[in-house]
Structures are given as C-alpha cells and as structure tokens.
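Trainee: Could you put together the complete structure from these sequences and hints?
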Amino acid sequence: MASLSSYLLVGAVLFSLGLYGVVTRRNGVAVLMGVELILNAANVNFLAFARFGGMNMAGHVYALFVIVLAAAEAAVALAIIINIFNNFNTINVDEVSELKQ
Amino acid sequence: MADIVFWIIVGITIGSAFMVVQSKSLLYSAYALLFTFVGVTGLYVFLWADFLAVVQVVVYVGGILVLIIFGIMLTNKITSVNISHSSMQKSAGAIVVVGFLAVLGYMVFNTPWIELANSEPASTAEPLGHLLMMDYLLPFEAASLLLLGALIGATTLSRKEN
Chain A
1 MASLSSYLLV GAVLFSLGLY GVVTRRNGVA VLMGVELILN AANVNFLAFA
51 RFGGMNMAGH VYALFVIVLA AAEAAVALAI IINIFNNFNT INVDEVSELK
101 Q
Chain B
102 MADIVFWIIV GITIGSAFMV VQSKSLLYSA YALLFTFVGV TGLYVFLWAD
152 FLAVVQVVVY VGGILVLIIF GIMLTNKITS VNISHSSMQK SAGAIVVVGF
202 LAVLGYMVFN TPWIELANSE PASTAEPLGH LLMMDYLLPF EAASLLLLGA
252 LIGATTLSRK EN
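These protein sequence lines map, in sequence, to chains A and B.
Heads up, the first sequence is in this note's numbering, so the first residue is 1 and it goes up one at a time.
Heads up, the second sequence is in this note's numbering, so the first residue is 102 and it goes up one at a time.
Since the hints were derived computationally from the structure, they do not count as laboratory data.
Keep in mind that the hints are not guaranteed to be accurate.
In silico DMTMM-like cross-links for lysine to aspartate or glutamate, where the CA-CA straight-line distance does not exceed 20 angstroms [what the hints assert, rightly or not]:
| hint | chain 1 | residue 1 | chain 2 | residue 2 |
| --- | --- | --- | --- | --- |
| 1 | B | Lys125 | A | Glu73 |
| 2 | B | Lys191 | A | Glu95 |
| 3 | B | Lys125 | A | Glu98 |
| 4 | B | Lys191 | A | Asp94 |
Mentor: Below you can see the structure in the form of structure tokens.
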C-alpha cells in the first residue's frame with residue numbers, strides 16, 4: 001500500500017498548483033478555484049495523518065470543518081465577485097484596484 | 102492492484118489540477134476542477150474516510166462547483182462562447198511555486214515519519230458523530246452559526262439594491 005509520504009507529496013503538489021493559480025490568475029473566479037485546491041490539499045494531509053496516526057478521528061473532524069468553511073467561503077466570495085462585476089464590468093483582480101468609483 | 106488504482110487516481114487528481122491552473126478557457130478550468138474533486142474523493146476512500154468521501158462529493162461537486170459555474174455564467178456575457186481568462190507573471194509565479202514545492206518535498210522525504218499500525222474501521226460515521234456531539238460540540242455549533250451568517254451575508258450582498 002501507499003505510504004504516508006506519498007499522500008503528503010500529493011498534498012504538497014496540489015497545494016503548489018493551487019498557490020500557482022492564486023498568484024497567476026487574473027480572473028477572480030479562477031483565483032477562487034486555486035483556493036479550493038489549497039483547501040483540498042490541506043484535507044488530504046489531515047486525513048493522511050489521521051489514517052497513519054492510528055486512525056485518529058480528530059483529523060476527520062477537522063477535515064469536516066474545512067469543508068464547511070470552504071462552502072461558506074465560496075458562497076460569500078461569489079457574492080462579492082458578482083458585486084464587483086456589477087460595479088466594474090470586469091472581475092480581473094488586477095484591474096479592480098479602486099475602493100470607490 | 103490497489104497500488105495501480107492509487108497511482109491512477111493520483112494521476113487524475115494532479116493532471117486535472119494542472120488543467121485548472123493552466124487552461125485558457127475558464128469553463129474548462131471549472132470542468133477540470135470536477136475531476137480534481139473526484140480524484141481527491143478517491144484519495145479519501147484510500148485513506149479509509151468513507152463518510153468524508155461522500156461529504157466531499159455532495160458539498161464540493163454538488164455545491165461549490167455548481168456555485169462556481171454559476172459565478173462564471175453570471176460574470177460573463179453568455180453569447181461569447183470563448184470565456185477566456187489569461188494569467189499574469191507566469192514565470193515568476195512558477196519559480197516561486199517550484200521552489201516552494203522543492204522545500205515541501207525535501208521536508209516530506211527527509212522527515213522520519215512514524216506510521217502507527219492500525220486496522221480499517223467498519224465505518225467512520227459513528228465515531229465521527231460521537232466526536233461531533235461530545236468533544237467538538239462547541240465548534241460544531243459555531244460552524245452552523247457561521248454557515249447561517251454566510252448564507253444571509255451572501256444573499257444580502259448579491260441582492261439588487263432598491
């Protein structure tokens with residue numbers, strides 16, 4: 001079976017790809033996708049440590065809370081992005097640099 | 102056999118995550134994100150987290166991904182077939198991220214991880230429920246309040262002002 005380090009490596013690669021999406025994407029929705037990748041990478045790490053640490057269920061509880069926070073974050077972030085689109089007619093995060101028009 | 106399936110799932114997850122951050126079309130990114138979520142679900146199954154695998158499918162694929170696709174549709178002109186989105190500072194970002202990944206990989210391979218012996222549980226739903234209702238009751242209630250606040254906040258934010 002796969003060892004702990006292979007799961008951790010998958011988590012690290014997912015995290016790095018998410019970070020790359022966050023720092024390079026211009027579209028706000030695409031930045032949000034990068035954040036989702038990062039949260040998934042953290043969850044893989046939580047569950048891997050739970051599985052190889054004697055099936056400690058506290059890791060599962062934390063992963064569940066991460067999923068709850070991701071759902072709340074996605075809903076609020078998309079509401080903000082739609083507001084930005086209504087005000088600026090674009091959601092490219094590098095063009096939206098003014099607090100007030 | 103299980104090892105082959107594991108590496109296929111890892112390949113699907115990493116490959117589609119690469120598509121998410123690399124694709125030229127925003128909709129292709131969203132669809133690639135679907136395969137990433139499904140691949141991570143497969144990893145959860147390998148990690149004996151059956152309940153969280155189901156939660157992952159229901160919340161991420163059924164909720165967050167649909168929300169993201171709605172967001173794409175609402176913030177672009179539907180008539181323009183090619184919803185493109187460009188990246189900026191690709192090379193600088195790639196250098197930083199590859200360096201970061203190298204540090205993480207060095208840490209993963211050079212740490213003497215202790216793996217405790219354990220056996221596959223019959224189901225994780227029952228111990229998870231016990232933990233949520235006893236040890237983690239206060240965070241559980243706080244999370245429900247947070248979800249309520251996020252729900253009300255999101256509807257208030259996206260509503261048209263009169």
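Trainee: With reference to the structure, classify each hint as holding or not holding.
Mentor: Hints and how they fare:
no.: 1; hint: B:Lys125 / A:Glu73; in the structure: violated (25 angstroms)
no.: 2; hint: B:Lys191 / A:Glu95; in the structure: holds (17 angstroms)
no.: 3; hint: B:Lys125 / A:Glu98; in the structure: violated (27 angstroms)
no.: 4; hint: B:Lys191 / A:Asp94; in the structure: holds (14 angstroms)
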